[in-house]
Structures are given as structure tokens and as C-alpha cells.
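Undergrad: Chains as they are written, first to last, in my numbering: chain A, 476 to 894; chain B, 2 to 303.
Among these hints, one or two may not hold up.
Result set (EDC-like, lysine to aspartate or glutamate): computed pairs, CA atoms no more than 16 Å apart in a straight line [stated by the list, open to error]:
#	chain 1	residue 1	chain 2	residue 2
1	A	Lys794	B	Glu55
2	A	Lys822	B	Asp110
3	A	Lys707	B	Asp110
Note that these hints are calculated values from the structure, not bench results.
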Amino acid sequence: MRRVLIFSVLLGAVLGKEDFTGHQVLRISATDEAQVQKVKELEDLEHLQLDFWRGPAQPGFPIDIRVPFPSTQAVKIFLEAHGIGYTTMIEDVQALLDEEQEQMFAFRTGARSTDTFNYATYHTLEEIYGFMDILVAEHPQLVSKLQIGNSYEGRPIYVLKFSTGGNSRPAIWIDTGIHSREWVTQASGVWFAKRITQDYGQDSTLTAILDSMDIFLEIVTNPDGFAFTHNKNRMWRKTRSLTEGSSCVGADPNRNWDAGFGMPGASSNPCTETYRGKFANSEVEVKSIVDFVKNHGNIKAFISIHSYSQLLLYPYGYKAEVAPDQAELDQVAKSAVTALSSLYGTKFQYGSIIKTIYQASGNTIDWSYSQGIKYSFTFELRDTGRYGFLLPASQIVPTAHETWLALRAIMQHTLNHPY
Amino acid sequence: MPPRGQPPPASGPGGPRPAVLLLAPLLLLALQGVAAAPAGAGGTEDSPGLQDAELQRGLLQQAARAALHFFNFRAGSPSALRVLAAVLEGRATVNPKKECQVDLVFTTDHYNREPFCLIPKSLFQDGEERLGKCSARVFFRNQKPRPAVNVTCTRLIEKNKRQQEDYLLYTHMKQLKTPLDVVSIPDSHGHIDPSLRPIWDLAFLGSSYVMWEKTTQFLHYYMAQISSVNQWKTNDDAVDFDYTVLLHEFSTQEIIPCRIHLVWYPGKPLKVKYHCQELQTPEEASGTEEGSAVAPTELNNF
Chain A
476 MRRVLIFSVL
486 LGAVLGKEDF
496 TGHQVLRISA
506 TDEAQVQKVK
516 ELEDLEHLQL
526 DFWRGPAQPG
536 FPIDIRVPFP
546 STQAVKIFLE
556 AHGIGYTTMI
566 EDVQALLDEE
576 QEQMFAFRTG
586 ARSTDTFNYA
596 TYHTLEEIYG
606 FMDILVAEHP
616 QLVSKLQIGN
626 SYEGRPIYVL
636 KFSTGGNSRP
646 AIWIDTGIHS
656 REWVTQASGV
666 WFAKRITQDY
676 GQDSTLTAIL
686 DSMDIFLEIV
696 TNPDGFAFTH
706 NKNRMWRKTR
716 SLTEGSSCVG
726 ADPNRNWDAG
736 FGMPGASSNP
746 CTETYRGKFA
756 NSEVEVKSIV
766 DFVKNHGNIK
776 AFISIHSYSQ
786 LLLYPYGYKA
796 EVAPDQAELD
806 QVAKSAVTAL
816 SSLYGTKFQY
826 GSIIKTIYQA
836 SGNTIDWSYS
846 QGIKYSFTFE
856 LRDTGRYGFL
866 LPASQIVPTA
876 HETWLALRAI
886 MQHTLNHPY
Chain B
2 MPPRGQPPPA
12 SGPGGPRPAV
22 LLLAPLLLLA
32 LQGVAAAPAG
42 AGGTEDSPGL
52 QDAELQRGLL
62 QQAARAALHF
72 FNFRAGSPSA
82 LRVLAAVLEG
92 RATVNPKKEC
102 QVDLVFTTDH
112 YNREPFCLIP
122 KSLFQDGEER
132 LGKCSARVFF
142 RNQKPRPAVN
152 VTCTRLIEKN
162 KRQQEDYLLY
172 THMKQLKTPL
182 DVVSIPDSHG
192 HIDPSLRPIW
202 DLAFLGSSYV
212 MWEKTTQFLH
222 YYMAQISSVN
232 QWKTNDDAVD
242 FDYTVLLHEF
252 STQEIIPCRI
262 HLVWYPGKPL
272 KVKYHCQELQ
282 TPEEASGTEE
292 GSAVAPTELN
302 NF
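Produce the entire structure from the sequences given, and follow the hints as far as they go.
TA: Rendered as C-alpha cells:
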């Protein structure tokens, strides 16, 4: 009964956009007819703005009143003066409404636990952020959430840290969703997060990795762009930063890094999809990662995940020169791709960015490689153009699963080849 | 309708290959100054010094795509659309005008077949899939659109089956009520309602014409989404289909809206008109063509 009453108040709140802070709900016990009459007198005092949830009827039946904050003192004094008993059912109506809203929201997303979360569908930013909190709450010893900055439009940028202890252990960095329209990547990131918590203590490879190293996972690397793909334009790729002197919005966060910035392989036109930005690290979404990685100082593998094309790429993208570690990177890529295809037969090509896909300057892993992070890789996940960015949700879990096998191979190699 | 003077597509397996005319005894030339880099980057075209092998592979892929789009368009059958499986062999020659001739052989698969198993491979016995095989000559005119294509392919679907399925699709399209409530196909989550699947296939057929015309050495396209659909009845019972499609150009990553109008009747040549919204850039890549195009001259009755 209480829930129904609260729900109707909530509805009123939503429709009327009222604020019920400080409002209280009193339950009055009128013991005789005289007391019932007295409470009826209260009803007539319009200036009190009382809201009778359960009106005065007969003695012995509770009378419930929502009392606006300014009237609470007066009403209580009145009741006490006439010896009418009451209890405070709800201390603060607004607080209860807020809690209710949260619960309803959580119920709607099915996200009461990460076991009931639906991994086989695409989620909103709020749902993913909610998922993160639940995961941390379920595995407080293993998972924590770090905020590494705020997006251009002021959204928090979160990174999940998976750690079994130690102090600034060598670490693996994984990011998904840097290009917001590549939805299978954020969805896969969510799946990876859950998978890590399931595999620790169960899978010997992952357990060995986490016993010596930390994993950092940034699931929504471009939150403004991601929100935009939900609300306005499903095909949005870039950030949502405003460029002075142009009516066009956003820079390509995968052309904004300080590696070959300004060279061929990116655009200087703000209206294009590969606009590099006014200067390297102009995009706060990029700068936040740069600062984090530099401050950490012990990242050993850096993996940035995109879609689509089914490729596994290593540096360089901005120049044709062969990376010093090319031979090893190629080997690692080969074994990762083999592991990936072992699950469903999905074929990936691999090689350097510039030779396999196109010239791309100011890209993420050229930068991470320049920072001395040898195992720098970029994935392009499913598919090869049939659905492209609009990959059917039914393929999320298979994609995430096969990709995980490749990630595990890279992480294992990193663990076994310290430098 | 094949362009005049060309042999019709082979109807049986291992059909006759066109004679391959070689411009020079030396087949592989170093492609100095012709990078596989995106043309739309706004930068110079200095060669990044890519090896022949990479440039060759890139060019062969481009040629295969152009050839397939052209093949699909010309075949005019939404039930028999093909996708690229693999390039088997090929060679490219570049003339001083930076025009590129590519001769190649590639395999194709059904467009309509789900390429991904949702069952783990360990549980699935992969039967020997029969792929189609095509040989083609593609001539790229140095970043100008409309590559010249001469392509023949082995048959992938049995003729009667194809005709049946086309006719089914045709019937379905004629029964659809327009304007459709649906805005986007697929929706944001990649879902296409089965009842709308024929629209997608027919749209892909029409888009194949557009994508063929727009493919160059450096630019290639995918059909990303249909963003609006209309259809009118016609007196001669053809499907008259007007829609807006979003094409994804890969090297620039741009999304290009194109309004496409096609007229289709099973077994008859496809008629297509289109207008794509070109990116307004201060630094226009050289050679981009803007505006409407009409189907090849033999279809000028449209």
C-alpha cells in the first residue's frame, strides 16, 4: 500500500516537477470521534497545504498526512496540544522518492547484479556506469573505479582497475569506445570486465596475470560521443568539443595523440571525421589518458579497441618505417589472432597500421609505443562491412568472447616477457 | 545489361575468361608516389615508401570491391548478391598518368548467408563451402570515379532458384505499405525486422551501382544504414523504390548520405538515379565528382 502511495506521489513529482525535500508523512491515531473531528479541522486549513493520503474516517483507523516542510512544526504542535498521538512514517519524502527512482531505474535495466545484467544488448552510458558500480560493489577486493578526468561536456571519465595488490605493479591498459559509434567495443568492454572477475581464481592464465600485474580498463573512452550516438546521431565518431572558428563539432580522438601529429594521415578540417584537433592532446578525453599513463609510469601493454574490419594492428600508423620491435609484435599478433579464430573461425588480418589499413597520424598506439610501451596494439573488431558499426546485438557476446582470447594471449606474452 | 561489346557473364562453372591484355612485359611496377593513403587527408601525396607488396594488396582489394559492386549491379538480382571472399591472384600496372589497370581473380560468397556461426567452432563441422570465382579487369582513372570494369563470375546460385527468390522478394515489395513507419534499417542495435529484409537487399542492390561509381584507387564504401524509405506504384508493375542510404567511406571514415531512386523488375536491368551529399571541405580532394548521375547510357530511357 505504501509503495502504491509513494508511486503516485512520484508520478505527481515527475509530472509536476515538485520538490518534496523536508516533507514528512505523519500517521495519526485518533482515539475517539472528538479527535477525528479535530484532525478534520486541519483539513480545512488550506494554507497548511496538507495532503491526506488516508483521510480521517473513524476512530481507531490511522490517518496519514503528507505535511509540507513549512507546516510540519505547526501541525505537530497542534496534534500535541490536543493530545493526539502520531508517528513520523516518512522523515523526508524526497529522499525516499530519490531512492525509489534509483531502484526503479535499476529494475528497468535489470541490473541488480552483474549476473542478471544483459550482456547481449547495447546499453546507454548510464547503464554502463551503473554496471561498473555494481561490479565494484560485488568484487571490492579485486575491482576499483578511478576517475581520470571529465569529458568536454563534463561527464566523468572512469577507468576500472583490476588488482590483487602490490604497489604500482606493471600493468595492462585496455580501452574501448574511443570512437563512439563503434558500439560493439564498449559492449565488449563491459563483457571483459565481468569476465575478468569470473576468471580470477578460475582460469590459470588470467590468475597468473593478475597475481603479478594490474589491468586498467576504460570502457567508455568517449562518453560525450557515446551519449550523442544514443540521443542524436548513431554514426557519430568524434568527441563533442567545439572548435573556435568553425561551426563543426568534435575532433577525432584517434588522431589527437602526440605521435606524428600534423603529418599526413589526419585532417586539418574541423568538419571531417579524421580532424586531428587544434593541437596534440587538445581533447580532454585524450589528455586524461596521457596524464594517467605518464603518472602511472609502469604500463607494459596498451590495447585500444575499435570496430570494424577484423584486424589486429601494431605501430606505426604515421610512417612506413618498420617499428624496432616489429618482428616480436608480429609474432604476438599472429598468436593472438590464432587464439581469436579458434572459437568461431573469425578471420583477422594483422600487421602495422600503415600497411594494413591506412596512414593514420596522431593515433593512440603510435603514442603509447613512443612512451616505451612495447606491446601496443589496436584491434578492429567485427565485422568486415556487412553490418559495420550497426553490428547486431546477437554478435556482441561472440565478438567479446573471441576477442578476449586474443587479449589474454597478448597479456600472457606481456607477463612472460618483462622489460 | 552488360556494357556493349562485352561477353555476357558465364553461366556455367569455369566459364570463359576474357583474354587478358598486358600493357607491358613487366607486370609489377614500383608505385612511386602512389600511396595507399587516403586521398581525403588534405595532405600531400608524398609516398610513405610502402613496399610493393602492400600497395599491390591494397590495389587488388580495391579492384575486387569495384568489380563486385559492378557485378552485383549488373546482375540485377537482390537474391544473388555477392560479397568478396578472398583475392586469389592479381597484378596491377600504373601508367604515367597514374591510371591503374588491375587484373585479378577472386572468390565470392553469398551476401545473404550469415557469415558468422554463433556456435563455437569446436561444436560445428564446417562443410566444404562452394564459393563463386570471378576474374576481372578494373581500370582506375587516377582518383576519378567510375572505374571501368570487365568482370565474369562462375555461377553461385542455380538460375531457377534465383528467379524464384527474386520473384518472392518482388511480391513482398509490392505488398508493402508506404510510407513505412520504420525510420532506420537496421535500427541502432543492428536489428533488421525479417519483414524488412527484402528492402535492405534491394537497397543494397541499388547502392551497389552508387558504390561502384564512387570507388577509386583509394576510396571504398559500405552501405551502413537506410535512413528513409519510400515506394510508389508504377503502371508497369515494376518496383519503384526511393530511399536514402548512408554510405560509409572507409579511408576518410566519412558517412555520406545518398538519395537513391531505383526501378526494378525481376529479370530486367536495374535502373538507378542517385544524388549523394558530398562533404563540403575547403580542401576538396582532387577529382571528386559531385551531384546526380544517371545510369549508363544504355539505360537512358529512364
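Undergrad: Please go over all the hints and tell whether each is borne out by the structure.
TA: Taking the hints in turn, this is what the structure says about them:
no. : hint                : in the structure
1   : Lys794/A x Glu55/B  : holds, 14 Å
2   : Lys822/A x Asp110/B : holds, 15 Å
3   : Lys707/A x Asp110/B : violated, 35 Å
Violated hint: 3 only; the structure is consistent with all others.
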